[in-house]
Every structure is written in structure tokens, then in C-alpha cells.
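Novice: So the chains spell out like this:
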Amino acid sequence: MKKSIWIVMALVLMSPILWAAGQQEIGNEADTWPTKPIEIVVPFNAGGDTDFHARTYAKYLKDILGQPVTIINVAGANGGAGSIRVKNAKPDGYSALFFHDSMLMNKVVGVTDFAHEALDPACIGVHDDTYILAVNSKSTYMSLDDLIQDAKKHPGDIKYASSIGGYTYYVGCMLEREANVHFNIVDAGGGSDRNAALLAQKIDTNVNPYGVMKPFIDSGDFRVLALFSEKRSNLFPTIPTAKEQGYEVIGSRAYFLSFPKGTDPKIIAKMSSAMETISKMPEYAKDIELAYCVEPGFSGTEKTLKYLDKTMASFMADQDFILGK
Amino acid sequence: MDNFIIGAQAVLNLPSILLIVIGIITGIIFGAIPGLSATMAIALFLPITYGLSPTQGIVLLIALYVGGISGGLISAILTHIPGTPSSVATCFDGWPLTQKGQATKALGVGIVFSFIGTLFSTIILIFLSPILARFAIKFGAYEYFALGIFSLSMIGSLSGKSLAKGISSALFGCMFATVGIDMIGAVPRFSFGVQSMKMGFNILPVMIGMFAVAEILKAAEESRHPLQSETIKINIKGIKGFGFSWAEFRSQWSNGLYSSLIGTGIGILPGIGGGIANIIAYSAVKNKSKYPEKFGSGIIDGVVATETSNNAAIGGALVPLLCLGIPGDTVTAMLLGGLTLHGISPGPLMFTQNVDIVYGIFIALLISAVLMLLIEFYGLRAFVALLKLPKSTLLPGIFIFCVIGAFGVNNQMFDVWTVLLFGGIGYFFNKIKMPTAPFILGFIIGPIIEVNLRRGLMFSQGSFAPFITSPIATVFLSASLLSLVLSGIKNIRRKMDKKSI
Amino acid sequence: MDYKIMHRFKSIDGICGIFCIMFSIFYLLASTNIHKSTVVTLGAEFMPRIYGIVLFILSCVQIINCSRNIQVQNTATEARLEKNDKRNVFLTFLLTFCYLGIMQIVGFIIASTLYFVVQASLLSSIGSKRRYGLLLLVGALLSIGSYYAFHTVFHISLPSGLLF
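Protein chains in written order, with this note's numbering: chain A, 11 to 335; chain B, 461 to 961; chain C, 247 to 410.
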């Protein structure tokens with residue numbers, strides 16, 4: 011009986027000390043971050059483009075932040091599974107999500123009921139502005155205009171590969187609207203399936219980032235008709251933009267990092283500036299050029315939020331379009 | 461020939477050989493433990509390979525792949541629980557062989573023919589891949605639909621006595637596969653508002669549930685009886701070599717060849733792989749056999765069919781990957797990512813630009829096949845000794861790994877609950893004598909048929925004509941019609957024989 | 247109704263057929279919730295409808311088939327055995343259910359260890375001696391070992407729960 015009273019008293023006396031120490035920790039957290047390994051969730055299986063860009067950053071972040079950054083792959087529901095996981099994680103700066111525009115698309119289509127507003131976006135790690143339109147080299151189309159003219163002559167015939175509710179579907183709708191034509195938009199599976207389909211000439215055109223089709227462009231099997239970007243790429247400058255051919259259609263994919271809502275803004279700023287530093291490194295530029303033929307393109311926290319809000323607004327405005335109504 | 465030397469130079473060094481050995485052993489362990497699979501092994505080791513050189517990374521993954529697919533036979537034969545989805549059909553004859561006291565023979569046959577399957581498809585890969593790859597891409601929506609229909613027509617040989625039940629079982633499989641978000645329309649189906657249901661069911665938890673949990677429930681039903689022995693009696697003494705005779709080997713020659721062709725062919729087609737190959741090869745071999753009624757009672761033909769085909773699918777899946785950069789199955793999709801991260805883009809130019817990687821892969825496959833054969837040969841007696849463990853400790857231990865494996869699919873508890881759900885379903889199916897093999901077939905093939913039917917109609921804008929005008933599709937559709945008619949005739953004949961007795 | 251006909255439907259095939267009919271009806275009803283799309287030629291609700299209808303037809307076929315066959319009756323001893331064992335099956339199922347439910351609260355390691363001990367006891371035959379100490383040790387080692395192997399080496403985060 012006596013022993014327990016002493017123990018209770020000891021605990022009571024200790025508690026203010028413990029409490030103070032705890033306060034100290036919380037106060038210092040943002041300043042000392044990171045003190046342990048950081049986990050970045052990639053909401054797809056290892057080996058894809060999202061995974062690649064996350065890992066490339068992680069490689070360089072280790073030296074800048076002083077702590078290892080591990081990538082964990084949480085696949086499912088077109089990125090929904092990983093997004094939910096980070097949304098529900100502790101906002102202590104040690105878990106983050108690396109995803110792209112499909113996160114917004116998921117909400118529009120109904121796969122998830124939230125988008126970037128449920129998280130604290132930190133920055134855009136890389137802008138992939140290399141959406142191109144390609145045809146099989148054996149086809150008679152030599153320019154985007156050839157394709158459009160043919161589409162006008164045979165409305166609903168030209169097979170454009172995409173999937174309902176995907177980003178390339180949206181790009182296709184934009185092109186249809188801009189050129190005032192009607193394609194036969196067909197589902198031909200994911201990136202590599204569509205490459206196979208175009209190779210076998212089962213589809214007439216394919217739209218995807220340059221990197222996805224690169225092996226076939228290099229081998230001469232595909233011919234690129236247009237680049238859906240503001241200006242030509244430095245990495246493949248011979249390809250004209252759709253804009254300069256008279257069709258203003260811009261496609262882009264922004265890979266951005268987000269923390270759970272409520273994360274200390276100081277931590278977000280630290281991560282953002284670390285990634286900005288990396289994006290300016292020549293070795294980093296070489297890595298992403300080699301693998302995906304992309305140029306570095308970083309955006310800070312404020313610009314990121316503006317971009318995401320704007321993109322979300324334009325997706326929502328075209329929601330009926332996207333859902334195929 | 462010079463290419464081989466380049467490849468050999470890249471691979472025949474101590475670190476790489478060591479990695480292959482580690483890969484094979486780890487692969488076999490992952491493959492043998494139900495719940496963990498070859499796919500999981502590759503997914504887990506992929507990030508580790510990023511720190512290695514491209515050649516080292518890829519040979520490790522190849523070794524894991526070969527070991528993993530092959531390892532599944534161990535638990536399939538010894539415990540009636542497939543170690544990986546590629547060994548589901550190995551249970552059908554492997555387990556009865558164990559029950560007859562011939563576990564060593566079953567394992568020996570499985571190991572040797574896994575080796576033969578790998579070897580066969582690797583040779584095809586080395587010499588015929590460019591031609592085969594260009595042929596494989598001719599398979600579009602119409603052709604895949606027809607192939608799917610053809611695969612389903614195999615239900616007949618998997619249905620046992622009642623064709624109606626067999627088809628019903630396959631339909632159940634198709635129906636459970638529809639749960640989730642529709643791939644084409646992005647519309648949720650049967651989710652009942654629950655977010656996790658929107659992701660649908662994954663084949664791994666489904667398979668674990670139907671086989672592992674169902675087995676545990678069956679053990680629970682039988683084990684309390686005092687007469688039931690806790691372990692299986694095996695005679696290990698006096699087994700020479702692989703446990704089966706030269707004469708038996710010779711008798712399986714044609715089965716092995718047939719299954720290798722089926723496995724390689726299925727592997728080459730992007731989108732389908734070993735998971736389907738073993739079931740289809742089993743049905744095909746059973747159909748062409750002179751004694752189909754013996755299948756399921758414990759004959760080595762059954763094990764030969766499944767283990768040859770699932771390993772042959774490995775080489776097959778690498779054909780479109782190396783020639784065109786198009787993955788043949790989920791594992792090769794990850795290999796593709798692994799190569800991309802190292803700055804290598806598989807595609808039409810790979811054979812000229814990255815000869816060392818390509819031929820390095822060939823040599824790694826051959827070395828892996830041989831190592832797998834040796835390691836499993838020496839491990840044969842150890843595997844059989846595992847049977848000495850009482851079921852009461854073996855099964856709960858297996859289930860714990862099943863939980864890890866199921867959780868590892870998508871890092872969510874939902875998949876683990878799926879295991880329990882399908883365990884209940886599997887047990888119920890056993891009780892009402894509904895065959896489970898057609899369910900698995902329907903679960904995997906159902907989505908393929910549906911997606912390609914709808915895609916095909918999008919391509920043809922509503923017309924069914926291209927489904928029949930495409931030569932490949934016509935071949936498969938006619939073959940399925942033929943197969944159904946033949947099994948129908950066999951069924952009627954059997955019933956008439958019964959009546960006349 | 248004739249008692250003999252009722253008895254025929256009670257057979258295994260009869261139960262199977264009835265289950266199939268009920269499931270197909272439930273499935274078809276649930277498929278009405280699927281949103282119909284206007285863009286795609288065949289919507290998301292098409293194949294489910296086909297599956298449901300074909301299963302319904304087949305279950306009728308099954309019931310007709312079973313009403314034709316005469317089932318062999320179980321012997322009395324088999325019936326007694328079955329009743330006893332079904333309890334164990336139910337317990338195992340319940341145990342597994344609890345195991346998965348507890349996992350998120352107490353964590354993978356503790357839950358798995360407990361599961362291992364209880365399940366092994368349920369599965370051992372009535373006569374044999376249960377060595378709880380050994381089972382506890384093996385279960386704990388297995389759970390701890392696999393947790394750390396998968397957590398540290400492979401970064402799969404198994405549920406950690408309140409404790410560990």
C-alpha cells in the first residue's frame with residue numbers, strides 16, 4: 011500500500027517535467043526536421059513513371075536533408091489507395107504522397123471523394139509537358155492537319171486510343187473541340203498496350219508522354235505529329251507543337267508532393283526548397299532526360315496550389331465531357 | 461555467337477552468380493510459402509535492385525522469378541495449398557499423390573519438368589522472339605475475347621460430374637471479379653458504397669482464401685477425430701534421384717512438350733501469364749489423355765502439365781518485353797520499370813543497343829534453371845521432411861504468412877478480410893460439391909472476356925463482324941465451339957453408359 | 247407436399263441449386279445500381295446481367311437434375327461425426343475473424359501469437375497433449391521474426407496497433 015503511494019507521487023512530480031520536455035519537442039520539431047527517415051508514398055506499383063520520379067528525387071534528398079527517404083508503393087484504385095493512406099497519416103512531416111493530376115481526375119470520376127484540398131501540397135517536382143500525338147510510320151498522315159482533315163472526312167472513324175475518365179481522354183476531347191472533329195475514342199488499355207496496338211495498326215493515333223513511346227520513335231516505327239505544349243521541347247526540337255500547327259491544345263502532367271493536412275508550414279517549406287535545389291542539379295536533369303525524355307520543371311508551394319486549383323476547376327467544368335455523358 | 465560472349469561477360473562474374481543463387485533460394489522460399497508469391501518477391505526486391513548495376517539487378521530479378529514460380533509446387537503438392545497462383549492446378553493431382561504416399565515422386569516430377577519448361581521457353585526466347593513478338597501484337601480486342609472464350613470452354617474438363625455446376629462455379633468467379641470499378645467506364649460496381657469495395661478483389665487473397673483457409677477449415681473439421689493421423693506417412697528411404705523412373709519420364713515426354721508450348725504461348729500474349737497457363741495446360745493435357753478419368757486421383761501427368769506450363773510462361777512473358785518493351789505479365793511489368801530506372805528502355809532497338817542486357821538475361825535464365833534444378837534436388841528430402849510437422853502447427857503458421865502476403869498486395873486490411881471471406885466461400889463450395897477450379901478460371905478470365913468484348917465493340921462501333929472476320933479470333937472461337945461440343949458428347953455418352961449398366 | 251420430394255431437394259445438389267438461384271437473384275438486383283453510361287456501346291451493367299441470368303438458368307437446371315437423381319442416405323455414424331466437427335469449423339472461423347479484428351488494435355505480433363496458440367490447439371486431435379508453452383514460443387518467434395523481416399527489409403507496414 012505504501013509503495014504504491016510513493017510511485018503515484020513520483021509520477022505526479024515527474025509529470026510537469028515530462029510535459030515540459032514534450033512541449034519542447036513539439037516546439038522544436040519543425041526546426042530539427044527531419045530527425046528520422048521520411049516515407050514517401052507512391053500510389054502505384056514500382057516501375058512506373060510516378061515511381062521513377064519519386065525515387066529519383068529520393069536519391070538526392072538523402073544528402074540534402076540528412077535523413078534517408080524511403081519510397082513505399084501502395085497501389086490500388088488508380089492511385090486512390092495511396093492517397094487515402096497519406097490523407098489519414100499523422101501530419102508530422104514524415105509521410106508524404108507523390109502523385110499527379112490523376113489525383114484530381116479521380117475525384118471528378120468518382121474513384122475518390124477528395125483531391126488535393128484534403129492534403130497540404132508542398133511543391134511540383136516535375137512538369138511533364140511532353141504529351142505527343144503519334145501515328146504508325148506506315149500511315150499516310152504527315153502532319154496533324156492531315157489527321158484532322160481525314161477525321162473531318164470520316165467523322166467517328168479515326169481511332170483515338172485512351173480510356174474513359176483518363177487524362178488522355180480529356181486531351182482527346184480538347185482536340186475534338188478545338189479542331190471541330192469527332193474521333194472514335196476507344197479504350198486500348200494502358201501505356202504499353204497502346205504502343206502494341208499502334209504498332210499493329212489497330213488504332214490510328216496514340217497520345218501519351220514522349221517517354222512512353224520513345225523506344226518506338228527511336229526505332230522509326232512511330233511518327234510524331236505534334237507536341238501538346240506551349241513551345242517546342244529542347245530534347246526533341248524537331249517536333250512541332252499543336253499550337254503552331256493551328257490547334258491550341260495543351261496537355262501536361264504535374265507530379266507533386268503533398269503532406270497530410272495540418273503539417274507545419276516550416277516543414278513544407280524545407281521540403282519544397284530541398285526539391286527545388288535538386289531540380290536545378292545537372293545530374294538530376296540527366297537522369298530524367300535519359301529515362302523519360304523530360305526536362306526539369308519545378309514549382310514552389312504557392313504556384314503549385316494555384317496550378318492544382320486551376321486544373322481542378324477546368325476538369326470540373328468539363329466533368330460531363332470526361333464522364334462520357 | 462559474339463552476342464552470347466557479350467552477355468556472358470556481363471553475367472559470369474562472382475557478384476552476379478551470387479545474386480542468382482540468392483535469388484533462386486529466396487524465390488523458392490517465397491514461392492513455396494502460400495501467401496507469398498513470385499510477384500511479391502519481385503515487387504519487394506525491385507527497390508533493392510536500384511542500388512545495383514543494371515545487369516546485376518536484372519539477373520537477381522530473373523532468378524527470383526524462376527525460383528518463385530517453381531517454388532509454388534512444394535506447398536501445392538505437400539499441403540494442398542498452392543504456393544503461388546501459378547501452381548493452383550498442381551494441387552489437383554499433386555496432393556492426391558502425397559496422400560497415396562508418393563510425395564517424393566510428385567515433387568521430383570514437378571521439379572524436373574519445371575526445369576524443362578524454363579529451358580524450352582528460354583530457347584524459344586533466344587531464337588524466335590522477334591518473330592513471335594510481331595505475331596503477338598496482332599492480338600487485339602477481338603482476338604483476346606476469342607481466346608478468353610476458348611479458355612472458358614476448358615471448364616468442361618474441370619467440372620467433374622456436373623457440367624452445370626462447373627459452369628455455375630465459373631460464373632461465380634466472373635461475378636466476383638466484377639466487383640470494383642469497371643475498367644472501361646470507370647463506374648463502381650457492387651461496391652455498396654464501401655470505399656474499399658471499390659477496389660475489388662485481388663486474385664491472391666481470393667486464391668489464398670479458397671485454398672489455404674478452406675484447407676484449415678477442413679482440417680478443423682477432421683482433426684479432432686482421434687483416428688485421424690496428424691501427419692502423412694511418407695517413405696523417404698530408398699528413393700533414388702528424383703523419385704521417379706526413367707520409364708515414367710519417357711511416358712511424360714509428349715505431355716511436357718505440349719504443356720511447354722501452351723505455357724510459352726500464353727506467356728507471350730501480353731496480359732495473361734502463368735496464373736492461367738497452369739489451369740489451361742492441365743485441362744488441355746487431360747482432354748487429350750487416353751485416361752482422363754484418372755486425373756484428380758493422383759497421376760504424374762497432372763503435375764507435369766501444370767509445372768511445365770507455368771515455368772514456360774516465364775520465357776514467353778519475356779518475349780514481348782525484350783522485343784517490344786511490352787510486358788507479358790505483372791512480373792515483367794515490374795522488370796520493365798526496373799530497366800527504365802536504370803536508363804534502359806526495352807523496345808525494338810534493345811537487341812542492338814543493349815546486347816549485354818538481353819543476352820545477359822538469356823544466360824541468367826539458363827543458369828537459374830540449372831541452379832533451381834540442383835537446389836531443389838538437394839532440398840527434396842528436406843521438403844518432404846516438412847511433412848513431419850503436425851498439421852496443427854503447420855497450418856496456423858502458413859496462415860500467418862498468408863495474412864502478410866494478402867496485406868502486402870495493397871497495404872490494406874481489406875485484402876486480408878477478403879481471404880477470410882473466400883475461405884468461407886471455398887469451404888461452402890466444398891460442402892455443396894461445387895468445383896473450385898472453374899471459379900478461379902472464371903475469376904481471371906471473366907474480366908478479360910468482358911473488357912475485350914466491350915473494347916472490340918468500341919473499335920468496330922457496335923458491329924460484331926470483326927469478331928468473326930479476324931482469322932485468329934475465328935480459330936479460337938471455332939476451337940471453343942468444338943471443345944464444348946466434344947465435352948457435351950462425352951457427358952451424354954457417360955450418362956448413357958451409366959443408364960445401360 | 248409429398249415428403250419424398252422435399253427430401254430429394256434437401257440433398258447436396260438441391261442445396262447447391264437453391265443457393266445458386268438466391269445468389270443470382272441478389273446479384274441481378276444489386277446490378278441495377280450500376281450507373282448506365284451513354285458513351286460505351288456495352289455499359290458496365292451488361293455483363294453482370296448476362297452472368298446473373300445464365301446462373302439463374304443453370305441453377306434451375308441443377309434443381310431439375312437433382313430432383314431426378316436419388317440420393318444415397320448418410321449412415322447414422324457419419325451424421326454423428328459431422329455434427330461434432332462442425333463446431334470446430336465454426337470456432338476456427340470465429341477465431342480467424344477475431345484474429346483479423348484484433349490485429350488493428352493490439353498489432354500484428356500479439357494477435358498472430360495468440361492466433362497461433364489457439365488455432366493449433368483447435369486443430370490438434372482430442373487425445374494429444376497440448377504443449378501451450380512451446381506453442382506460445384513458436385508463435386511468438388514466428389510473428390516477431392516475420393514482422394521485423396517484412397518491416398525492416400521490405401518496408402511493408404503491417405498493422406502495428408497500440409502495443410507493437
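Since the hints were derived computationally from the structure, they do not count as laboratory data. What you are looking at is a predicted structure, and each value in this text was computed from that prediction instead of being measured. Idealized CB from N, CA, C, for every residue including glycine. Warning: the hint list may mix true and false statements.
Said to hold, decoys possible - Now the in silico label distances, taken between C-beta atoms and shown as ranges:
no.: 1; chain 1: B; residue 1: 956; chain 2: A; residue 2: 192; range: 34 to 44 Å
no.: 2; chain 1: B; residue 1: 815; chain 2: A; residue 2: 250; range: 28 to 38 Å
no.: 3; chain 1: C; residue 1: 295; chain 2: B; residue 2: 926; range: 39 to 49 Å
no.: 4; chain 1: B; residue 1: 463; chain 2: A; residue 2: 276; range: 33 to 43 Å
no.: 5; chain 1: B; residue 1: 892; chain 2: C; residue 2: 379; range: 37 to 47 Å
no.: 6; chain 1: B; residue 1: 946; chain 2: C; residue 2: 258; range: 24 to 34 Å
no.: 7; chain 1: B; residue 1: 598; chain 2: A; residue 2: 312; range: 30 to 40 Å
Claimed, not checked - Think about it this way: if two alpha-carbon atoms lie no more than 20 Å apart in a straight line, the pair counts; the simulated PhoX-like pairs of lysine-lysine are:
no.: 8; chain 1: B; residue 1: 959; chain 2: A; residue 2: 148
no.: 9; chain 1: B; residue 1: 678; chain 2: C; residue 2: 332
no.: 10; chain 1: B; residue 1: 748; chain 2: B; residue 2: 950
Novice: Could you run down the list of hints and mark each one as holding or not?
Specialist: Outcome of the hint check:
no.: 1; hint: B/956 to A/192: 34 to 44 Å; result: violated (58 Å)
no.: 2; hint: B/815 to A/250: 28 to 38 Å; result: holds (35 Å)
no.: 3; hint: C/295 to B/926: 39 to 49 Å; result: violated (23 Å)
no.: 4; hint: B/463 to A/276: 33 to 43 Å; result: violated (56 Å)
no.: 5; hint: B/892 to C/379: 37 to 47 Å; result: holds (41 Å)
no.: 6; hint: B/946 to C/258: 24 to 34 Å; result: holds (28 Å)
no.: 7; hint: B/598 to A/312: 30 to 40 Å; result: violated (51 Å)
no.: 8; hint: B/959 to A/148; result: violated (63 Å)
no.: 9; hint: B/678 to C/332; result: holds (10 Å)
no.: 10; hint: B/748 to B/950; result: holds (13 Å)
Hints 1, 3, 4, 7 and 8 from the earlier list are contradicted by this structure; the remaining hints agree with it.
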